[in-house]
Amino acid sequence: MPELPIGEAVEKFTQFLQDHLGGAFDVFAAVLMKLVGAVYTVLVAPHPLLLIAVFAALAWLAGRRVPLVVFTVLAFLLVASMRLWVQTMQTLAVVLVAAVIAVAIGVPLGVWAARSSRVSMVIRPVLDFMQTLPVFVYLIPAVFLFGIGVVPGVVATTAFAVPPAVRLTQLGIRQVDAEVVEAAVAFGSRPWQVLREVQLPLALPSIMAGINQVIMMALSMVVIAGMVGAQGLGSVVVQSVTQLDIGKGFEGGLAVVILAIYLDRLTSAAGARDLTRGRARRRAARSDAPARHDRVRESVTTA
Amino acid sequence: MTGESPREGTVIEAKGLTKVYGMPRDKAVSALRQADERRRDAIREAGGFLAVDDVGFSVSAGEIFVIMGLSGSGKSTVLRMLNRLVEPTSGSLRIDGADLAALPQDELRRLRNRKINMVFQHFALLPHRTVRENAAYGLKVRQTPVKERMERADWALRRVGLEQWADSYPHELSGGMKQRVGLARALATDAEILLMDEPFSALDPLIRRDMQELLLQLQSEDRRTIVFVTHDLNEAMRIGDRIMVMRDGRVVQCATANEIVSAPADDYVTEFVADVDRSRVLTAGNVLRPPLVTARCGESPAEVLNRLENVEMNGIFVLDEAGRILGVATDEALAGALRDGGATIESCLAGDYHAVSPDTPIVEFCDMAGRHTVPIAVVDADRRLLGVAPRAAILAALAAPKKVRHA
Ligand SMILES: Nc1ncnc2c1ncn2[C@@H]1O[C@H](COP(=O)(O)OP(=O)(O)O)[C@@H](O)[C@H]1O
Ligand SMILES: [Mg+2]
Chain P
1178 MPELPIGEAV EKFTQFLQDH LGGAFDVFAA VLMKLVGAVY TVLVAPHPLL LIAVFAALAW
1238 LAGRRVPLVV FTVLAFLLVA SMRLWVQTMQ TLAVVLVAAV IAVAIGVPLG VWAARSSRVS
1298 MVIRPVLDFM QTLPVFVYLI PAVFLFGIGV VPGVVATTAF AVPPAVRLTQ LGIRQVDAEV
1358 VEAAVAFGSR PWQVLREVQL PLALPSIMAG INQVIMMALS MVVIAGMVGA QGLGSVVVQS
1418 VTQLDIGKGF EGGLAVVILA IYLDRLTSAA GARDLTRGRA RRRAARSDAP ARHDRVRESV
1478 TTA
Chain L
483 MTGESPREGT VIEAKGLTKV YGMPRDKAVS ALRQADERRR DAIREAGGFL AVDDVGFSVS
543 AGEIFVIMGL SGSGKSTVLR MLNRLVEPTS GSLRIDGADL AALPQDELRR LRNRKINMVF
603 QHFALLPHRT VRENAAYGLK VRQTPVKERM ERADWALRRV GLEQWADSYP HELSGGMKQR
663 VGLARALATD AEILLMDEPF SALDPLIRRD MQELLLQLQS EDRRTIVFVT HDLNEAMRIG
723 DRIMVMRDGR VVQCATANEI VSAPADDYVT EFVADVDRSR VLTAGNVLRP PLVTARCGES
783 PAEVLNRLEN VEMNGIFVLD EAGRILGVAT DEALAGALRD GGATIESCLA GDYHAVSPDT
843 PIVEFCDMAG RHTVPIAVVD ADRRLLGVAP RAAILAALAA PKKVRHA
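Protein chains in written order, with my numbering: chain P, 1178 to 1480; chain L, 483 to 889.
In case anyone wonders, no lab produced these hints; they're calculated from the structure.
Fair warning: there could be bad hints in the mix.
Stated by the list, open to error - Straight-line C-alpha distance at most 20 Å; calculated SDA-like pairs for lysine to any residue:
{"id": "1", "chain 1": "L", "residue 1": "Lys622", "chain 2": "P", "residue 2": "Arg1373"}
{"id": "2", "chain 1": "L", "residue 1": "Lys622", "chain 2": "P", "residue 2": "Leu1377"}
{"id": "3", "chain 1": "L", "residue 1": "Lys497", "chain 2": "L", "residue 2": "Asp704"}
{"id": "4", "chain 1": "L", "residue 1": "Lys597", "chain 2": "L", "residue 2": "Val568"}
{"id": "5", "chain 1": "L", "residue 1": "Lys622", "chain 2": "P", "residue 2": "Met1404"}
{"id": "6", "chain 1": "L", "residue 1": "Lys622", "chain 2": "P", "residue 2": "Ala1336"}
{"id": "7", "chain 1": "L", "residue 1": "Lys622", "chain 2": "L", "residue 2": "Val568"}
{"id": "8", "chain 1": "L", "residue 1": "Lys622", "chain 2": "P", "residue 2": "Val1357"}
{"id": "9", "chain 1": "L", "residue 1": "Lys597", "chain 2": "L", "residue 2": "Asp704"}
{"id": "10", "chain 1": "L", "residue 1": "Lys597", "chain 2": "P", "residue 2": "Arg1373"}
{"id": "11", "chain 1": "L", "residue 1": "Lys622", "chain 2": "P", "residue 2": "Glu1359"}
{"id": "12", "chain 1": "L", "residue 1": "Lys597", "chain 2": "L", "residue 2": "Gln625"}
{"id": "13", "chain 1": "L", "residue 1": "Lys622", "chain 2": "P", "residue 2": "Gln1370"}
Quantities reported herein were computed from a predicted structural model and do not represent experimental measurements.
Generate coordinates for the entire structure from the input sequences, incorporating the hints supplied.
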């Protein structure tokens, strides 16, 4: 059996990147740092109670369901009272930045893959690889290229969260009724019009499910990112593990769970709402609907 | 066959249309160079599928041209080549004389938007848009101002009887109503040509009838050129001016409903035709025979009676110089006139007969057959006798052709 020095090659490649593109990585790291910093600043600037009110309002807008609003208020009050507010906001900032980047990369890639089976064929094994690679492995090159801190955390988190965005976007667009797409083309639409007016809106539930998964992936990664020095709930958990502090660890974990449930319900409610657009209208129309139906029937038979 | 030579006012002219799926075009074209019988296999061996094979037809302005055949016979593929939703592998296609294959993309989109619209089997409405917005879709693509676009959509919805539903969403509508929106979407753009791919196949029989009537009514108001795909021969006969029957990607017969029923080209068509109500499709013209004997005014009763005896008939049409029917003379009346002596044939005339025009469906007169001493007379607009429709000929025509068993 010949020995293939794959590990060595990857190492050399990473070294090569650092030697020749080190400057670019530094700039990238600085931008990313600024971005996370900005989001973090916005999150911790207002009083926690004010921000909790904003979270509750978002929950209401997304699903118009009272239980979610009640949960939001109670859960984040709990976070604040555990004195984990700052760390939670640090984590949220990383998750938001990573998720936005992952969506910004993943959705267009998904669209591209949906429109070309060749692209899809290339992307698929890459996604499989990315999703099955143990998450820790992402951290090593990230740390190597960006050093310790929040940046490798965001990078590793993003890399980890991209695949579901690509997959579910591609799936959503492929699942759009071919006849409806055909109709748009048959009436003279340009490809981008078909995409914007038919494929993306009809794939929206699937894309939203993808975004939901991106956020969940990002959140699960962010704890691990704590190991490379990213501030936040991750580092709380990591510290309590090294100090065998059961209580602290549990509190950190609970805050992660709360954040996860909130973000999950928020995004899935927003995704589901688009499916039932026009529901209110239908309810309003229901009372006189049968009568109108009859009228149509009549005009049919007299035609 | 009427379908194969270009005619006055030809809007669509297709020649040698061929479509191979699942193969690069140049490979397919070279495989198609095979002799007729072998090309199908040659394509299959090369991993492709010959869905449409050398189809030619022409459609004239204002005509409803029906493409009929079993599922998989290539109907939808032919239809989609007419607006290049499917690119032909080979063959030529002219719309109003312009070569469709030569159109650049933006011209093609313009043509689809303004000239050729389409109605789909499963309606293909945008679920996230209201009925009005759906009806206005073509105009939106055309970038018509919103107000004008909505007015036009409302006008189109009124024509299909859906004006009260303009603000609803498609999922709130029944199937028939959804297809009305599909029709309105095409009406709103004012396209001259309408492609319809089994538009009513997904509907209940009763609703399907309503929709066929609606289509015929719309067609009588402003004549469009319609290419209509169906697998239902009764539907084809009801609405089609001409019908092209397809089998395995080839044209089996292209003719009027009447021609198809009275002279099916082969067993495949015969089997289709077996389920048709023949008495509604076949007309007096199909059972027209020359009369065995006729009499002229001025002839002597003796001579005419003699002629009747030779053919063993009981009555005879008496015609004037122009061939118009003056009346019927029965053998009894003639014999009476002979006894009286000197009486003319005019004195024997009676109105005991039934006359129809050649395009009268058999269903409208078959119960009159055999009621008189003479067969049913088939006359032109001036009541000139063209021939007769004997009872035996009517019965023979109505009897379904024997189903031929396939090996
Ligand atoms: N995109 C495609 N790729 C491969 N084969 C196709 C494609 N579209 C249609 N076919 C095949 O071509 C044949 C004719 O299809 P179609 O034109 O849809 O027939 P019809 O409308 O009469 O049912 C069928 O056997 C079908 O399986
Ligand atoms: Mg079809």
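How the hints compare with the structure:
As the CA atoms of Lys622/L and Arg1373/P are separated by approximately 13 Å, the hinted pair is consistent with the 20 Å bound. Under the criterion of a C-alpha separation no larger than 20 Å, the hint pairing Lys622/L with Leu1377/P is consistent with the structure, at around 18 Å. Taken as a hint, the Lys497/L and Asp704/L pair is broken in the structure, with Cα atoms around 28 Å apart against an allowance of 20 Å. With a C-alpha separation of about 17 Å, the suggested pairing of Lys597/L with Val568/L holds against the 20 Å cut-off.
For the proposed pair Lys622/L and Met1404/P, the alpha carbon gap of about 54 Å is over 20 Å, so the pair is violated. With a CA separation close to 40 Å, the supplied pair Lys622/L and Ala1336/P exceeds the 20 Å bound. For the suggested pair Lys622/L and Val568/L, the alpha carbons sit about 24 Å apart, so the restraint of at most 20 Å is broken. Using a Cα cut-off of 20 Å, the hinted pair Lys622/L and Val1357/P holds, with the two alpha carbons roughly 16 Å apart.
Distance check on the hinted pair: Lys597/L and Asp704/L sit about 15 Å apart at the alpha-carbon level, within 20 Å; holds. Between Lys597/L and Arg1373/P the CA atoms are separated by roughly 24 Å; this puts the pair beyond 20 Å, and the hint is violated. Taking the CA atoms of Lys622/L and Glu1359/P, the gap is near 16 Å; set against the 20 Å cutoff, the hint holds. Taken as a hint, the Lys597/L and Gln625/L pair is honoured in the structure, with Cα atoms around 16 Å apart against an allowance of 20 Å.
Using a Cα cut-off of 20 Å, the hinted pair Lys622/L and Gln1370/P holds, with the two alpha carbons roughly 11 Å apart.
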